[in-house]
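Given the coordinates of chain X, assemble chain D onto it according to the supplied hints.
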Amino acid sequence: MSGTMLYQPGKTFLHRADARAKIATILVVLVVALTTTRIDVLVALTAVVVVGLALLARITPASYAKALLLIVPLVLLLTLLQAVVQGGPAIATVAGVSLSRSGVLLGLGIGMRLFAMGICFYGFSVTTSPSDIALALHKVGVPYKFAYLTSFAFRFLPLLQDEARTLLTAMAVRGSAESSSRHPLRRGRAIVRMLFPMLAGSMKRSSEIALSMELRGYSLPGPRTFYRSTAFRPGDAALVAGVLLLAAGLLAMQWQLPAPFTEGA
Amino acid sequence: MSTAALAVSGLTVRYEGADRRALDEVGFEVAPGEVLGILGPTGAGKSTLLQCLSGVIPRHDDSPGMRGDISVFGRPLPDFAGLSEITESVGLVMQDPEVQLVNTVVREELVWGMENRGIPVPEIERRLRRAAELFDIGALLDRFTHALSGGEKQRVVVASVFCLSPRIMLLDEPTSELDPAGTEGVMEAIRVLAQEGVTVLVVEHKIEELAVYADRLLAMRQGRVEAVGTPREVLMGSAAPDRPQVLDIALRLREEGLWDAEPPLSVPAAVTAWDALTNAPHSDRNPA
Chain X
1 MSGTMLYQPG
11 KTFLHRADAR
21 AKIATILVVL
31 VVALTTTRID
41 VLVALTAVVV
51 VGLALLARIT
61 PASYAKALLL
71 IVPLVLLLTL
81 LQAVVQGGPA
91 IATVAGVSLS
101 RSGVLLGLGI
111 GMRLFAMGIC
121 FYGFSVTTSP
131 SDIALALHKV
141 GVPYKFAYLT
151 SFAFRFLPLL
161 QDEARTLLTA
171 MAVRGSAESS
181 SRHPLRRGRA
191 IVRMLFPMLA
201 GSMKRSSEIA
211 LSMELRGYSL
221 PGPRTFYRST
231 AFRPGDAALV
241 AGVLLLAAGL
251 LAMQWQLPAP
261 FTEGA
Chain D
266 MSTAALAVSG
276 LTVRYEGADR
286 RALDEVGFEV
296 APGEVLGILG
306 PTGAGKSTLL
316 QCLSGVIPRH
326 DDSPGMRGDI
336 SVFGRPLPDF
346 AGLSEITESV
356 GLVMQDPEVQ
366 LVNTVVREEL
376 VWGMENRGIP
386 VPEIERRLRR
396 AAELFDIGAL
406 LDRFTHALSG
416 GEKQRVVVAS
426 VFCLSPRIML
436 LDEPTSELDP
446 AGTEGVMEAI
456 RVLAQEGVTV
466 LVVEHKIEEL
476 AVYADRLLAM
486 RQGRVEAVGT
496 PREVLMGSAA
506 PDRPQVLDIA
516 LRLREEGLWD
526 AEPPLSVPAA
536 VTAWDALTNA
546 PHSDRNPA
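Taken in sequence, the protein lines are chains X and D.
Taking this note's numbering, the leading residue of the first sequence gets 1, the next gets one more, and so forth.
Taking this note's numbering, the leading residue of the second sequence gets 266, the next gets one more, and so forth.
Just chain X, with the same shape it has in the complex:
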């Protein structure tokens, strides 16, 4: 696959699991992540997600190392921002600016939350075929035409990547040093320059794609058949039950254990 967030076929437990069970798992992770700002609970949740992905889908941190390069600076930036704007006792003073202890904890908490949710989505997208996502959404009541659009989006992600690569190459062969620069700012300028032709190309392409879909009966009103089928097996139920138990444990940890930091976020 040409993109890091795209489906990669495999035979692991998560690959074989029903997409509905995986969607339920994501929802549970979201609920836990969004109902707490306690740093210890969020660290435990992140650890559970990281270990779970490694055991059930053989997705190790090395698989999403590139994403970490983006997330870690973001977390640091958030933490710094919160440390500056939040009040309370200072953890340190740098160049006359007090860094709030509660702000640091809050920033780390938000970053941890983003990280846990992000890798959870990553695990879902690389282990679930786009058509399985569409089928699962349809099975839970989403009209097929809307459910299909999710799988359609995954189809066109690599297409956009290829188009961007072609445009950058076209700029490079015509002497643009920016398009092949490793400097993030110069590279950023090349990307901005590329956006307009990419947008124009996408608009034209979208009209042709819509026509192509119509020619193959996408807008037909009658009942459709489904070549593939999905089944919610005992293993899927076990996955959901296991995730619910872990979530209950994490929530109990939040309510039963004292916060490790007195001014915890």
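No lab work stands behind these hints, which were simulated from the structure alone.
For each residue, glycine too, the CB sits at the ideal point set by N, CA and C.
Any given hint could be a false lead.
[Unchecked claim] Rough simulated footprint, nothing fancy, chain D against chain X, three-plus residues with beta-carbon under 8 Å:
id	segment
1	124-136
2	203-217
3	220-227
Using the frame of chain X, we list chain D on its own:
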């Protein structure tokens, strides 16, 4: 007289802001099961013609103005409820395969149109096997569509329209990204489709292949039909936009008095004719 698969008369199209008509009083008929090759230089109106025949013009957004009559097996095109209903009879394969592959995996791509039409699963499986065999894509079924080569994409797109079992197939340069072997594969598939009663209209620049596989040719220039007839009639006439090289050579030899036989339209036909002239089968002369 049996009803024509396609009957076109007075078809005229003008794009907004264009200085001339894209199609100008075009008229012709195609019999059921016939293969009609459409020739012409860029801008001759070939793709616009296919879009009119499939109902894309004038039913799709941003369509140009159109007048004239088109009927499919005797039924006027405006009587069809919509583009989706037209496509049950007429299948269109457009030029760019990339925008026609709307699913991630080849197998899903082939079955998607059939699912949309509510075709029962056993029939979907039967058509899938048939398409895989006919277009030689069995090994591609579980591949990602975005990872295919240009030629593979083209074969998958043609196969996905074939799976819908239209009575008429319109192919816009279906071999433009194919190598000679791939081109011959698609052309052979067209021959099989015609044998099964499917009417095929194919826009193609590879004239030698068309000369072999088409029952008739239609030559266009600047939106007008310049000639319609058998490949020999059209390619040897003055309206031919281009000729197979082998035919050009034979005509030059005939002018020099070196070729008496009927000029061949393809290399295999030229070899057969040469063998006849020299009274020696080509294989017998092989020095090996």
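Hint numbers contradicted by this structure: Violated: none.
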